[in-house]
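Here is how the chains run, residue by residue.
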Amino acid sequence: MNKRTIMMAGFAGLALTGCIQVKAPDKPIEINLNVKVQQEVVVKLQRDAQDLIQNNPELFPQ
Amino acid sequence: MTRKLLILAAGAAVALASGFIMTAPARAQSGAVAAAMSAGTVGEQADGYLGIAGTVGADVRSEVESINIKRRAAYTQLAGQRGVTVQDVAAATGCQTLSSRVKQGQVYRIGAGAWETKGAGAIALPGYCATAG
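Note that the protein sequences, when read in sequence, are chains S and L. For the first sequence, the numbering used here gives the first residue as 10, with consecutive numbering after it. For the second sequence, the numbering used here gives the first residue as 7, with consecutive numbering after it.
Heads up, a few of these hints could be off.
[As the list claims (entries may be wrong)] Below, in silico cross-link-like pairs of lysine-lysine (BS3-like), each with a Cα-Cα straight-line distance of 30 Å or less:
| no. | chain 1 | residue 1 | chain 2 | residue 2 |
| --- | --- | --- | --- | --- |
| 1 | S | 53 | L | 124 |
| 2 | L | 109 | S | 53 |
| 3 | S | 53 | L | 76 |
| 4 | L | 109 | L | 124 |
| 5 | L | 76 | L | 124 |
| 6 | L | 76 | L | 109 |
If you are wondering where the hints come from, they were derived from the structure by calculation, not from laboratory data.
So here's chain L without its partners, still in its complex pose:
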């Protein structure tokens, strides 16, 4: 009984420790991406991915790439569940990020257009973004 508990406790400790090792740097890096978003050098795109709008360091660039790879994986999974294309899911997510996540002063891009800075009003969304939802 006690032995089993000990093993369980040890296992939990290892899991916790490895969890900290895994998450601590990731948090620091996405903090750098958030800072770059505030600075207007990284922004959301209507295609559902992050884009680089200005000059950024290698750490920010690699974290943006990493986030985009993880986003693509999440989009692919959802697309499989709903029987739609990955682009559909990515575009729907892009509608959401542009309508409710991009803050005033942050930059965003629709299609291959120029980077725009969000003003006080709502972003003019692409026509395929549904108003409901």
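Isolated chain S (complex conformation):
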């Protein structure tokens, strides 16, 4: 009997605290496009780097 009341009290406690709250974020959701931009910069720079190496052979001994 005693155990049962304790369990009941426990469930009651769960029922009180266990509800799920769905809250809209207070900040706007940000989608980060910097990754793609950064990748494009690197791709462009790779070609520039190739030209730089070819145009300055004295700076790139092999």
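Position chain L against the provided structure of chain S, taking the given hints into account.
Frame of chain S; chain L shown alone:
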């Protein structure tokens, strides 16, 4: 007419002579750097600069420093034209040197890691190196 031609010819001769004086020792020195690269005492780094991997003479050391200063100047100029940082240009160049310039048996270094010797396969490039290009 002939006088002008003479002056032009003299000017050209002076330019040629000074050109030879300027380039002749520079060529000899970068030959020493190339030899050090073959010997594995100088190598390319992913940061876009040459590094010293072993014991080298003072001439090689000073030429490596000189090349790196000139590289930095070239990177700075390109970075200004493209609106990116000098490190971006240097790193992109490092991707190129590691992927297509370092020959088998030569040494290279990525970041602050240990010097590695290039084997038969391609060098595992850092993640920021784009595959295209």
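List of violated hint numbers, smallest to largest: Of the numbered hints given earlier, the structure breaks none, since each of them holds.
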